[in-house]
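Top to bottom, those sequences are chains C and V.
Per this note's numbering, the very first residue in the first sequence carries number 1; after that it's consecutive.
Per this note's numbering, the very first residue in the second sequence carries number 1; after that it's consecutive.
Don't read these hints as lab results, they were simulated from the structure.
Values in this document were obtained by computation on a predicted structure and should not be read as measured data.
All C-beta atoms, glycine included, are put in the ideal place defined by N, C-alpha and C.
Careful, some of the hints might be misleading.
Stated by the list, open to error - In silico negatives: residues of chain V with every beta carbon more than 12 Å from chain C:
#1 G110
#2 T111
#3 F113
#4 G150
#5 A169
#6 E174
#7 T175
#8 V176
#9 N177
#10 N205
#11 A209
#12 D231
Claimed, not checked - Computed spacing ranges between beta-carbons, pair by pair:
#13 V:R49 - C:R675: 16 to 24 Å
#14 V:R48 - C:D119: 48 to 56 Å
#15 C:A728 - V:A131: 32 to 40 Å
#16 C:N535 - V:W128: 41 to 49 Å
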Amino acid sequence: MAGGGAGAAVLFQACGVPEHELFVESSNEIPEDLVSGLDNWYATICRQCSSTEGIVVRVMEGRAKKIEGNVDFPINEGAHSVRCDAGVQALYHPDRIAAPLVRVGERGSGRWEEISWTDAMERVALQLRNLSNANRAVMVTPPMRSYSGLVADRFMARFGGQYLRYEPLETTNVRRAVKQVFGQDRMPDFDLGNSSFVLSFGADFLNTWMSPVRYGRGYGRFRQGDRERGTMIHVDSRFSMTGANADEIVFIKPGQEGILALSIASVIIDEGLGNASAVSALTNGGRIDMSRFAPDRVASAVGVDAARIRDIAHQFAEHGTALAIGGGSAAAHTNGYFNMVAIYSLNYLVGSVGREGGVNFNPASPLKDIPTGASFSQWRQLVTRMRSREVGVLMVKGADPMYALPGSIGFREASFDVPFIFSFSNSLDDTTAMADLVLPEHNYLEDWDIVDPDPGPGYQSVGFQQPVVRPFFESRGQHLGTKGFADALMGIAGELELDLGLPSTFRELLQDGARTLFNLNRGSVRASDFRAFWNGALQRGGWWDTGARGGNRPTPPALPANVGQAPSFDGNGTFNLIPFASTSLMEGQTADLPWLQATPDPVSTATWRTWVEINIKVADDMDIREGDVVRITSGFGGPDVEPGEGVLALAYPHPGVPPDVVCVPLGQGRRGSGRYAKGRGGNIMSILSPGADRETGALAWASTRVRIEKTGDWVRLPKAENTNPDLATDEGQHIVKITPKDS
Amino acid sequence: MAELKQTQQRQWGMVIDLDKCTGCQACVVACQSENNIPINEEAHYNQRRAIQWIRVERYWEGEFPDIKARFMPVLCQHCDNAPCEPVCPVYATYHNTEGLNVQVYNRCVGTRFCANNCPYHARFFNFWEPAWPNSLKNQLNPDVTVRSRGIMEKCTFCVQRIARVKRKAKNEGETVNDGDRALSPACVNACPTETLFFGDFKDPNSTVAKMKDKETHGGRGYHLLEEIGTDTNVVYLKKVDKHAEAKEEVHA
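Isolated chain V (complex conformation) (with noise of 0.2 Å):
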């Protein structure tokens, strides 16, 4: 993929700063809301196939009453490198011009190759035909897609709210600014403690790419199973604890 990350025009990616979220959730449902998720029923729950483009991970570290818990958003990573990718059969999963990788559900066939190999876990299959009360569909999103049975869905950094705002540009003739809130993600806008940041890493003045260069040169700055080099374009900067000298890090 080098070769079609260095002639694209955008690199869209997301900073996230362990040091401030408080797992409120309030990311969770708005995504939920946005992208016409199906409800997750208690069954769902306990069948572990409830849906969830992002959600939010706890760990667990030290034991009462030195205990903490860490929070952490874990969504599509949109990797450069993605796994997903050259498993599927159909190219229902491929990597868009923008550096997104994308899931086309009108070609999915549902092998569920993709979710296999996500490092991630961040796809998700429909068992089910997604229902909802007559009435609760006047809520759905028309510019998303419904998923239906034996499809495979995942984040798409609200490729619509994308879709829109280059739409408009392009018939107003102007430029797409970072930090448009009509271009971020649903979750970004919801997250209460700007824990989320989107934006164009391609574009040196975006906020993301400032904070990924800064970060990621003795910052705070890593990804997420960096180790397995899927090169992702989610930055997450790490967690501040001062009490954290004698034990860097932590596991699940």
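Here chain C stands alone, though its shape is the one from the complex (with noise of 0.2 Å):
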């Protein structure tokens, strides 16, 4: 301090602070305070959703850390999803179980008793020994393109019994409108990143349809890469984030984006913007007449004006590259295959398939014998053989059909004519919750397989999954805690004295399988001898070849002569509900997870509850604010829900939602599935009415109408916006800076 002079000077001098003092450095800088450990990072797969994302994992004393996307991975290239940062949590959630249980009460009652591994093989296995016709057994588990799933095949396949794949929102419409119009088995890949222009339909790309990470890295591309920037128009009945990164949100009445598509390739057909021999196989040599999907003509039925149709086709066909994607509520309706078979046809007509920038065909698997095929919208006909007791034995892995079909189908009250079902389960979701017994399997960390991406990169690509922990409820002996799902499986095979004509360990079977890609002695990961290259493919996550790429079909085969038909709907009420899969909880399967719960919806930024988004005026006339309890209905009920009764639902004034249209989100509303799922917000499945694709019989999800009305409860919707104050800025200053011109 300077001593000395009297008065104000001095004391504002001894108020400073000498600028060395300002060097202090943090403790984080003092080495006794660093974790000296040393860390791991292990390659292996994310299995949270079924986009295959490579990731690493950050280890430390044992313990799983951190997740982090694999840079070397070609889905993925190193960025992750919200969902796949969670999976720590689902390793070390504190209600997985722990042991097989078998239960002591009723069928859901939730009173279960430990019992050991053998005890519970052999339970299962003399219960599917003791059934009188092996049909009598069925399997249920998500679409698996993996070896897990090659063992469940081949189990199902040398047992007989009937092998069910079910998805909660299925894409049964986008893959067999894929098959239809480009002739593949497989999802093909979008090339975003080189693309000009984008034409979306109903897809939640970028959020949570299909491989929303591997999109998001075409997307950044698309938007500031080494090219002009991209335009993308999204077309929906609803605001989907995908649509608020647009640079044009089109909203079409819902079911309609199919004749919206035919509209656009009838203006491009009309003025002659398409490609001629595309034009001529897709309507027959121009026996299939298209006038009648001609902008003026349509226009009113799809609620897009007539004008915009028109710019919309000039903008698509004269953009350079331009891509036409179609999914998500766009294939939910009646007429759901339909839409999907106009939409993809687009892309020929501006010859976008198999170029850069465009549909690029992905590749049959090298190995072989993963099995690809998936069959869904069998559920009515498995209700009606459990309710005539014609199901002996049902085994569960992975899937919660009882939580996700919707109610009137009656799966959950069938089940109860079922005499045996066991439960391949982390936790005691919906199905598992009414299982007779449950085998705890391990949880993707902890266990080995091999993985077929779906879709794909555009090439052959294969996933290495290997356990990065060992499993955490080793402590609890051989005869409790987890097993893998195929191990157990062979394990069950074996009390079967089933020959599965697989070698005897699923590791062994891995090992085949990656002395396959060994033996083609190409792509990313080549060895001289086999065990370099078993060490060299876990270590990089997996084996792909960018040199083996699909084929192509150069000329699309002829629209159907029925497309263009009208959705239809089904309902008590006046708006259409289009359910949505969440961004974190995707449709329920990571419900369980805290982080996840706690994870904001991009648009609404609602977290924890289940939400009905409504028009903002539309609810300032019904007098519905932010936060009143609404009921949901739609004279569709199941055995739980009476249709009276419908679902509970916080309402959510949106400014971005069409008049007629309401919005819920999937994933809560489960009866079971840990402390922070279970009894949480309402599920919007189950009042579904059960219409179905009419085609592929596909659910159509998105076509039921509903009535909502007010309860006069009010509960705070916690969300993340006003969490902080806004921001406060000077008059004419602005926070999201735009600007109309690319830097």
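Two chains, two frames, some hints: make the complex.
Here it is in structure tokens:
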């Protein structure tokens, strides 16, 4: 402190801080405080949702700490989604099942007793052996494009039962359309990064649809890459996150997406903007009359102005490489299949198939034995079989049909007619809670597998999944704890003396697969001996060959004669209900994880609850405020949901939802699944009408009409928005700045 | 701080391209996972006490059907003239020699002056003792202190990763490389669209320095609340919207 002089100057000096004091370092820099433990990063595959991301897991002292994307892996190139990150919470979930459980009370009563694996396997084998006919056994899993799937497939084929693959929001219509239009059994790759123009219909592809991380990588390059900034138009009947990121969002009447696509095609054909050979092939040499889809004739039906349809058609045809993508709610109507056929056919008109920036086909997997076919829509038949006591044993793994099938199908009720249900599961989800026996499986971070990514990156690629930590419940001894699904199933086959025609352990089976790749002697991992190859593939998280690309189909097949059908709707109300997969909870598969429950929805920023998005003006007219508890009824319900009871949700007046639409996220309303999910929010799937696509029989999950009424209750909607006060800006200053010019 | 800035060796900073951000929340959960942030329960949101070192703000623009939503990741801007620093009575918050605005947890006495003074609302107070069920504690990052009740916390640009990389470089006689993923904060590595870039503004060859140089001279670059003179180390690149001629900028 400077002494001497009197007065204010001294005081001010005393308040000052000598500059050198500011150089104190944070404790973060003090060596004593640093953890010097070494961390290891192991490459494996994320199995939290159906898109296959390569991940690396940080392991310290035998515990998984952090999940990041695998930079080498072709699908996600180092990035990952919210779901991937939360894998560690699935691994260390406090309500994870630690030993085989057998039901001791009434079915569904929640009273269990632990038994040993030996006992559990014997019980399963006994039940299967005692079936009067092998076809009375039914297995349900999600579509697993992996060696686990191969074991399940082989088990059911050799045993003689029925094997059903279950997806809550079916992709059947998209896949069937891809087969019809492109002649492909696998989803193609969309090269967004090199595209100039993207026209998407309904698919929330940056958020939840198919392979969002891969599409996100492409989107980044599409916006600010080496090329001119791309333009994106999104057609939807709701305001999705993908729509929010488009340059223009076109609101359309639900189910009319295919007619809009045909109208765009008619403009392109009429004005000669398209590829001549594609036009000829698509219209069967001009025999299919496209003039009935002319903008002026369909504008009022689709709810899009004729001039705007022409404008979209021009932009689509004149923008260089343009890409048309369809899915999500556009495929979930009674005419969903035709919508998809019309949308994907547009790619041919502008010559975008099989070229950079367009639609690229995925080649067949080098591992031919991975099952690719997925069969859906047999649920009603299954329920009928269950009711007539034709199903003796129901085996479930990783699927939760009792949660996500429409209540009106009556699956849960019918399950009481099945004498024995057993479930491979980590948690007591809705279906597992109704089981007689629970076999707890390893988390994917504790287990082996070989995974075939779908959609792939446009060339052959295989993901290697390896255990990055020892099983968490290992300490419970070999009779309790968890086991890998495939190993357990192979064990049951052993009990039954069933010859699967496979090696004796799952790891050997995987090594057989790896040997196939080793013998190809091409691709990203090559080695002089198999051991080096195996280690190399595990280290890099997979094998891929950028040279092994899919084929091409230069001209499209003619449009089916009955394309352009109108959708039909069912339900007692006036609002079109569009359910959507939640950013973090998807269709409920990850609802048990607290980070994901707490993740804000990108658009509404809501968390932890089920909300219903209602147009802000309509809500105002109905005197509905945010947080009002509203009852959503469709006239449909199930054994547990009285049709009049409906689903309760918190109102979220939304400025972007069309007035005749309400949107509800999936994922909540679980009867089980642990402390973070149980009894939280409502399950909108329970009141869906059982409408199905006319052509494929796929569930038309966006074809229900509902009624909305206030209950008089109010609950605060927990959301991230307004958790912080608004940033204070000066007059004329802004937060998100916008510029019309690219730099 | 101007003199300090001249003498320091490094200046960590971030570039955020708003034209790429889709609002997917990957950065938010990646941060939560890396930095031992307590689980944001429903009650925390309702009491406006949720902790998100990085958050994605969503702004509405226009009315149906001409409606747009804009996304913006907001985190501590690591200001060179940080309003939070001079108000701390115990020097718990201060500027380090690499341009980071740091919080020393064991000095913090919880006056919350810093949070009140932060124009970006990037500081969060632990109103409760953080709680995890025992098994979930297996995931906690041993490199990061768990903050107890009564402590202020905020984005550190994952200083533990920077420290690890620097220590490794020192031990092995190497240099710290721009673009090293081990150096990048968890949010940057997670981002599917490559919206976020991290690096050293003092290194003229770093990606962020080049982007800042290009974009702040007639390009899309700007600083959040530039007008208040906080001199931040986060550069935002404007969202491109070719229909935006008439309405150059938007409000909350």
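Hints, one by one, checked against the model:
no., hint, result
1, G110, "holds, 17 Å"
2, T111, "holds, 18 Å"
3, F113, "holds, 16 Å"
4, G150, "holds, 17 Å"
5, A169, "holds, 14 Å"
6, E174, "holds, 17 Å"
7, T175, "holds, 18 Å"
8, V176, "holds, 14 Å"
9, N177, "holds, 14 Å"
10, N205, "holds, 20 Å"
11, A209, "holds, 16 Å"
12, D231, "holds, 16 Å"
13, V:R49 - C:R675: 16 to 24 Å, "holds, 21 Å"
14, V:R48 - C:D119: 48 to 56 Å, "holds, 52 Å"
15, C:A728 - V:A131: 32 to 40 Å, "holds, 33 Å"
16, C:N535 - V:W128: 41 to 49 Å, "holds, 46 Å"
Going through the hint list in order, the structure satisfies each hint without exception.
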